[in-house]
Amino acid sequence: AQKVTQAQTEISVVEKEDVTLDCVYETRDTTYYLFWYKQPPSGELVFLIRRNSFDEQNEISGRYSWNFQKSTSSFNFTITASQVVDSAVYFCALTLMTTDSWGKLQFGAGTQVVVTP
Amino acid sequence: DAGITQSPRHKVTETGTPVTLRCHQTENHRYMYWYRQDPGHGLRLIHYSYGVKDTDKGEVSDGYSVSRSKTEDFLLTLESATSSQTSVYFCAISESAGAYEQYFGPGTRLTVT
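Chains D and V supply the protein sequences, listed in that same order. All you need for our numbering is the position in the first sequence, starting with 1, plus 977. All you need for our numbering is the position in the second sequence, starting with 1, plus 2.
Okay, chain V solo, but in the shape it has when bound (with noise of 0.2 Å):
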């Protein structure tokens, strides 16, 4: 299995607070995602990272906001959180984009009250 560990595992917030989720990797890959996972919906990526500093956008990105100064750490920071972002969160590592199957934490489940 991939090292790839995720914190907290579960958390609950109150609207308007700030939240950070942790994605771990000891894999030394260079690409990383976050992804959530909604019903009806599938997964939806949020932010990618290419490399350390290097981060874009994903499809719903709107509230978030990442950051990664190390090659395994990659945090994902709800600067106010939201009942629309209550989730469940996944982070992803692959040693590549494109034809690079990612591999998956274990994910956060996230509930803003």
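Next up, chain D with everything else stripped away, as it sits in the complex (with noise of 0.2 Å):
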């Protein structure tokens, strides 16, 4: 079985610090995806980032960075410069490429990012 693991409950930094949000995942396939969303005070989740096992490449889109790990099964999440909009839930979630798994998310229990002003 597969499972996502978000240690961090809640974090809270003041406004224009960094911040690291960590998730470390467990699964015996070989071949998956890994997302991550955000939910905003609103409720709503949006969708940020897909990465495929294949690829280790880091990424970055403006503030938001994303650092993947086979060797450690993280896929950890690092907003840069951190504004009070970026205060959300924010969920990593894996699924399996085998035909049986696919489309099933297993999300973290998700990480509290509170940036005050």
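In short, the hints are calculated from the structure, not lab data. Even for Gly, the Cβ is constructed at its ideal location relative to N, Cα and C. Worth double-checking, as some hints may not be accurate.
Claimed, not checked - Here are the simulated SDA-like cross-link-like pairs (lysine to any residue), alpha carbons at most 20 Å apart as the crow flies:
| no. | chain 1 | residue 1 | chain 2 | residue 2 |
| --- | --- | --- | --- | --- |
| 1 | V | Lys13 | D | Gly1020 |
| 2 | V | Lys55 | V | Gly18 |
| 3 | D | Lys980 | V | Val21 |
| 4 | D | Lys1081 | V | Gly60 |
| 5 | V | Lys59 | D | Ser1078 |
| 6 | D | Lys980 | V | Glu61 |
| 7 | D | Lys1081 | D | Val1001 |
| 8 | V | Lys59 | D | Val1001 |
| 9 | V | Lys55 | D | Asp1077 |
Claimed, not checked - Here chain V is said to cover these stretches of chain D; the calculated rule only asks that three of the stretch's residues, wherever they fall, bring their Cβ under 8 Å from a Cβ of chain V:
| no. | segment |
| --- | --- |
| 10 | 1012 to 1021 |
| 11 | 1084 to 1093 |
Each chain sits in its own coordinate frame; assemble them with the hints.
Here it is as structure tokens:
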């Protein structure tokens, strides 16, 4: 069975600080996809990024960056120079590439990020 | 934004009553999903559909049933609601399974008293 662990329940930072969210996953399969979603206070879930298990390149999108390391089964997310609008719950998720698992996202419990002015 | 609506957005019901939640999409996506969100658990998959009349169980399917008679609609039914089914329910859609990201609806907050 697959498992996604987000050990940090809540992280509080002051605006302009950097914040890193940890995501550790467990799977015996070698082919899978990892995702990050954002859930702002309004409640909707917003897709942020998808990464497949073959591509360990880090990715940067504006103030967001992702560090994927298969050796440690981690897919960490960093927000640089945080802003109040970054306050949200962030979820890491995993899906396998096997036919019977396609589309079945396994979510972590989420990390609440609170950015204060 | 993906065209996904959920109805109702809020509902309070009593234990033992049947409840149906509706998810409607305008994207003509093949795959649709129902999740529940509870504190400490993230989102957990209840049921999903890979086409009209094609559905399958997810991680937490007990006490729930689904139906999909049209591409655009995916219904989630609680045959006899229990307090443990108090939750926020999200519908999601994806163009295909696997690699494709899922887009989520606004959610339905259900309270079973």
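| message | Need the list of violated hint numbers for this structure, in ascending order. | response | 2, 3, 8
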